[in-house]
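Student: Sequence:
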Amino acid sequence: MEKESKVEFDEKRIAYLQMIEGIIDRMSNKSGNIKGFAVSIVAGVTAISFKETSPYVLVLSFLTVFIFLWLDLYYLGMERKYKLLYKQVCQGKEVDFILSLDLKESEIIKAKATKYQCLTSKSIYYFYIPLLIVMIVILVFKFKGVI
Numbered sequence: 001m002e003k004e005s006k007v008e009f010d011e012k013r014i015a016y017l018q019m020i021e022g023i024i025d026r027m028s029n030k031s032g033n034i035k036g037f038a039v040s041i042v043a044g045v046t047a048i049s050f051k052e053t054s055p056y057v058l059v060l061s062f063l064t065v066f067i068f069l070w071l072d073l074y075y076l077g078m079e080r081k082y083k084l085l086y087k088q089v090c091q092g093k094e095v096d097f098i099l100s101l102d103l104k105e106s107e108i109i110k111a112k113a114t115k116y117q118c119l120t121s122k123s124i125y126y127f128y129i130p131l132l133i134v135m136i137v138i139l140v141f142k143f144k145g146v147i
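So in the numbering used here, spot 93 of the sequence shown is number 93, and the numbers just go up one at a time.
Be careful, since some hints might not be right.
[Stated by the list, open to error] Label pairs and their computed distance ranges (CB to CB):
(1) Val-57 <-> Gly-92: 52 to 60 Å
(2) Val-137 <-> Lys-12: 49 to 57 Å
(3) Gly-145 <-> Leu-60: 41 to 49 Å
(4) Val-39 <-> Leu-119: 14 to 22 Å
(5) Gly-92 <-> Gly-44: 33 to 41 Å
No lab work stands behind these hints: they were computed from the structure.
Nothing here was measured: the structure is a model prediction, and the numbers come from that model.
Even for Gly, the Cβ is constructed at its ideal location relative to N, Cα and C.
Start from the sequences, fold in the hints, and give me the full structure.
Tutor: Structure (structure tokens):
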């Protein structure tokens with residue numbers, strides 16, 4: 001049997017992990033805030049759709065939701081990269097850039113968490129697909145004169 005290697009958690013490593021945890025927490029909070037803004041826009045679009053508004057104004061609201069989607073993908077990708085960095089530090093892998101939070105220096109982290117991989121995240125498609133469906137239904141109803 002192989003011996004399990006124990007990782008020595010000295011003060012520097014613990015402080016470094018705490019810094020990474022803080023960044024992960026901020027990225028997660030930003031993602032939640034972005035989702036809140038996106039819902040607010042859809043609620044506003046729904047309210048505006050019952051007024052005498054051009055359907056083309058409603059089409060513009062899609063642009064803002066896609067901007068929020070892009071921002072959400074960015075923050076989710078950054079969060080995943082920092083989680084990977086956290087995991088590497090916890091496993092005791094010697095990270096060349098220890099006590100640096102610059103992810104550009106790590107080839108392993110660069111390869112992970114692309115925007116496409118983040119797009120397949122449940123937190124993205126379970127949120128934005130229904131949101132876009134609601135917006136499409138409102139737009140179709142507006143063009144057909146139902147609302």
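Student: Identify every previously stated hint that the structure contradicts and give their numbers, smallest first.
Tutor: Per hint list: 3, 5 violated.
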